[in-house]
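These are the residues of each chain, in order.
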Amino acid sequence: MTDPTMMESLSNLFVYSAIAVYSLALLAHAAETATRTTPRARATVTPAGVTAQEPPSTATMQTPRSARWGAVGTSLALAGFVLTLAATVTRGLAAGRAPWGNMYEFALVSTVAVGGAYLFFLTREPVRAFGVWIVALVLLALGMAVTVFYTPVDELVPVLDSYWLVIHVAAAIVSGGIFSLGAVATALFLVRDRAERRALSSGAPAPRGRYAATLPASTTLAQVAHAAHMFAFPIWTFAVLAGAVWAENSWGRYWGWDPKETWAFITWVMYAAYLHAESTAGWRGRRAAWFALAGYAAFLFNFFGVNLWISGLHSYAGV
Amino acid sequence: MSTQITESVGASTETNGSPTHGWGWLRWGWRSLTSMRTAVILLTFLAVAAIPGSLLPQRNVASDPAAVTKFARDNPDLYPWLDRLGMFEVYASPWFAAVYLLLLVSMTGCVLPRCARLWRSVRSAPVAAPTNLARMECHSRWSDTVPGGGSSTEESPVDVAQRVLRRRGFRVEARGNEVRAEKGYVRELGNLVFHLSLLVLLVGVAAGRLFGFEGRIALAEGSTFTNVRSEYDAFTPSVWTDTENLEPFSITLEDFEAKFETSGAKIGEPRYFNAALSYRTGTNPEVRRQEVRPNHPLDINETKAFLTGHGYAPVVTVRDARGDVAFSGPVIFLPNDSSYASDGVIKAPDAVPQQLGFEGFFLPTADIGEQGPYSAFPDAFNPQLFLTAFTGDLGMDAGSPQSVFTLDKSGMEQAMQRDGQPFSRALRVGETMSLPGGAGSLTFDKVARFANFQIAYDPGKEISLAAGLMLLVGLTTSLAIRRRRVWVRVTQDSGSRCTVEVAGQSLTRWPLDARDTDAVVAALRPGPLPRPADSTHEGHRR
Ligand code: HEM
Numbered sequence: 001m002t003d004p005t006m007m008e009s010l011s012n013l014f015v016y017s018a019i020a021v022y023s024l025a026l027l028a029h030a031a032e033t034a035t036r037t038t039p040r041a042r043a044t045v046t047p048a049g050v051t052a053q054e055p056p057s058t059a060t061m062q063t064p065r066s067a068r069w070g071a072v073g074t075s076l077a078l079a080g081f082v083l084t085l086a087a088t089v090t091r092g093l094a095a096g097r098a099p100w101g102n103m104y105e106f107a108l109v110s111t112v113a114v115g116g117a118y119l120f121f122l123t124r125e126p127v128r129a130f131g132v133w134i135v136a137l138v139l140l141a142l143g144m145a146v147t148v149f150y151t152p153v154d155e156l157v158p159v160l161d162s163y164w165l166v167i168h169v170a171a172a173i174v175s176g177g178i179f180s181l182g183a184v185a186t187a188l189f190l191v192r193d194r195a196e197r198r199a200l201s202s203g204a205p206a207p208r209g210r211y212a213a214t215l216p217a218s219t220t221l222a223q224v225a226h227a228a229h230m231f232a233f234p235i236w237t238f239a240v241l242a243g244a245v246w247a248e249n250s251w252g253r254y255w256g257w258d259p260k261e262t263w264a265f266i267t268w269v270m271y272a273a274y275l276h277a278e279s280t281a282g283w284r285g286r287r288a289a290w291f292a293l294a295g296y297a298a299f300l301f302n303f304f305g306v307n308l309w310i311s312g313l314h315s316y317a318g319v
Numbered sequence: 001m002s003t004q005i006t007e008s009v010g011a012s013t014e015t016n017g018s019p020t021h022g023w024g025w026l027r028w029g030w031r032s033l034t035s036m037r038t039a040v041i042l043l044t045f046l047a048v049a050a051i052p053g054s055l056l057p058q059r060n061v062a063s064d065p066a067a068v069t070k071f072a073r074d075n076p077d078l079y080p081w082l083d084r085l086g087m088f089e090v091y092a093s094p095w096f097a098a099v100y101l102l103l104l105v106s107m108t109g110c111v112l113p114r115c116a117r118l119w120r121s122v123r124s125a126p127v128a129a130p131t132n133l134a135r136m137e138c139h140s141r142w143s144d145t146v147p148g149g150g151s152s153t154e155e156s157p158v159d160v161a162q163r164v165l166r167r168r169g170f171r172v173e174a175r176g177n178e179v180r181a182e183k184g185y186v187r188e189l190g191n192l193v194f195h196l197s198l199l200v201l202l203v204g205v206a207a208g209r210l211f212g213f214e215g216r217i218a219l220a221e222g223s224t225f226t227n228v229r230s231e232y233d234a235f236t237p238s239v240w241t242d243t244e245n246l247e248p249f250s251i252t253l254e255d256f257e258a259k260f261e262t263s264g265a266k267i268g269e270p271r272y273f274n275a276a277l278s279y280r281t282g283t284n285p286e287v288r289r290q291e292v293r294p295n296h297p298l299d300i301n302e303t304k305a306f307l308t309g310h311g312y313a314p315v316v317t318v319r320d321a322r323g324d325v326a327f328s329g330p331v332i333f334l335p336n337d338s339s340y341a342s343d344g345v346i347k348a349p350d351a352v353p354q355q356l357g358f359e360g361f362f363l364p365t366a367d368i369g370e371q372g373p374y375s376a377f378p379d380a381f382n383p384q385l386f387l388t389a390f391t392g393d394l395g396m397d398a399g400s401p402q403s404v405f406t407l408d409k410s411g412m413e414q415a416m417q418r419d420g421q422p423f424s425r426a427l428r429v430g431e432t433m434s435l436p437g438g439a440g441s442l443t444f445d446k447v448a449r450f451a452n453f454q455i456a457y458d459p460g461k462e463i464s465l466a467a468g469l470m471l472l473v474g475l476t477t478s479l480a481i482r483r484r485r486v487w488v489r490v491t492q493d494s495g496s497r498c499t500v501e502v503a504g505q506s507l508t509r510w511p512l513d514a515r516d517t518d519a520v521v522a523a524l525r526p527g528p529l530p531r532p533a534d535s536t537h538e539g540h541r542r
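Note that the protein sequences, when read in sequence, are chains W and R.
Position one of the first sequence corresponds to residue 1 (this note's numbering), numbered consecutively onward.
Position one of the second sequence corresponds to residue 1 (this note's numbering), numbered consecutively onward.
So that you can see chain W by itself, here it is in the shape it has in the complex (with noise of 0.2 Å):
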């Protein structure tokens, strides 16, 4: 048997743990950012025109400091990872359900799922260089979890008691860590897309100092950017539709329009318009782009802006 109690303190003390490490790994990125450079003249410039030569890979901007310091930030941010799932493990135990009933858990678990969402694409794409921003949502949220949103471990309400909280919950935090990745890199995509365009037009290549010139070229930031879309887009489709039949079961009715359901709604059309206007002539890149930031901020707003000001059918998830 676990003391919920000696649990719930585990947990705590492991989220406290969390923001240590991760901190430190803000300061090893922005290090690694620092140190960072970019590579020389890499853009030829013809007589006919300008031959944009994309710089084939990030490493080339790696210096040996860089690098070590980047590998510093991965570390803990793995570190900082493991912390919170064991937070969310610990508290999972302590209340005897799955650890996603009010806003501070959904926070902690957001915060699992970003950092998860991060370490997986890393392994396959250059995103370490988004490293930095990363950290810094995780801690926010960290942070907000702990100062405005803490509360200790109680059973649920009768109305969120239903296997549908475990699944529908999951699946939409799980796309929303992914979602995050994806804004990142897309807002990435757009600064660096900016400053690819005045060099292109000015004929000379991006000032070395530039925070710009750091990051990779603007075709791997959009590639990122699309594949976590395309990654979390079904996976957030699925939470809709798991809300909807677990609304069905609990109110009777499987779309009744309640804000949350109306703001998941507003964010899936327009991550859908992001997707058709990735495929649309003209309207890829930049201006896609903004579709998927404001799907974000949708997504930003039902969690917090529709738990904290708007009243509905589900403002029960207690902050």
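Hints are all accurate, no fakes.
Chain W stretches covered by chain R per the calculated footprint, using a threshold of three residues with CB under 8 Å from any CB of chain R: (1) 151 to 164; (2) 221 to 230; (3) 238 to 247; (4) 261 to 273.
Computed far set for chain R versus chain W, every beta-carbon distance over 12 Å: (5) 69; (6) 77; (7) 84; (8) 105; (9) 108; (10) 222; (11) 495.
Source of the hints: derived by calculation from the structure; they are not laboratory data.
On a predicted model such as this, the values are computed, not experimentally measured, just so you know.
No residue lacks a Cβ here, since even glycine has one placed at the ideal position from N, Cα and C.
Fit chain R with the ligand to the known structure of chain W by using the hints.
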């Protein structure tokens, strides 16, 4: 990066000349409507159009039926304008319907031609190789000796390539010295299934909106509800609901149990509700039992009863001036805070010589605070009933229906104490109050509870569920599967030498994954597989 070809319907329909005559305009209009760009714009409209409904109170949205009236009271200037724009029924308003119907038309017009093209391409052979394979993706070229020096024991490169590609699930066709292969048609099928599922969803939603109904009842312990329209407290039929032939059944609330958190930070939060029901269906005399809890509805032949709330129903006995029982039973009091302080009225129209009415509130755990009595806890630990009394004519014979929760005092006179103050009493269970002047008495017999049920019938929900599954499967397929082509060409050079070329093409947004071409090259090319400088390996990730 090498060639990147995206097959997009939009791209092909957006390049159209300027319209010249009537038909031209129509064609231009239809093409614009069914273009991908229009889809993006309409989707954005749909998202934006959905926003006001989440910020303003809505009629027919379950959370708080009185919210719109309250908004009208608080914003008397703004309300009529917003109401004219349909802002309180956004999801039933014509402009919202216009956006999604236009979107569905646009989608159908876009996707059906794609259907036709898919059908043709599935039935025809894979596309011939372009003349210049070097401009395709993942291109490799090497020269080789013609296998076996012409002996028939060894497979030709064309045969090997066919075998490898077939094993990898490609549709393959060899024409002379060229192998053409294509894979991933299912992606298109997924895309179609996904988009068409939205039409199926519309059918499902419409079936519910046209034939279903929703109703609410409040049932005190011991009372029975029969499923006919007149017994509902609120009933929202659809256009073609057969209100005369609702599913025949009756349910009795035998017992209602509620538990609340008694300690800690969440004290008073609900923990457990259970409504023990007995019910009969149709003409079947057999009585069955079921416990209904949140997330565990009662399902009688597709008509479902959901537990949505509860409250208290004090059981009282009213006697008139002669001492005869004029009313006896539970009376539903409506809770108005989370500790279940509840308001209600009691009417005794059978009292003689004058009818009796009572108005007041019920506190499950009564306590006295600075503002007077209040309820300290939602459970019934110290139940008290606070009532004032009225005598006269309840106005119930006037013909117009009357709410059971309000007292029409126009024909009634408030009972007064001798000191001129209104007569009022706080009763505990078992206590009786006698009205001044011997007009009658009221006894608080015991505390009962009532439960609210939402009763719903939606004949479209199975269709909608099927649409949801189609949507999910189609979407996942269309996003996960990548349609692609691979070509192998063997050109005879002089004598016993030949040149082998392998290349591919991605038909999706992203560059070709090199695995297919690599497998072909590995099978054809003698020796280890170097990365030739002329091959473009870009899409190696993902
Ligand atoms: C009713 C709202 C609609 C929704 C929710 C929706 C959703 C989607 C989604 C999620 C995808 C997958 C994106 C991808 O494959 O990358 C998609 C693809 C597609 N949609 Fe829609 N769509 C809608 C309406 C339309 C309309 C009106 C059109 C035609 C103008 C259209 C044409 C297409 C096409 C051609 C694709 C395939 C894109 C590709 O192969 O890259 N859709 N749609």
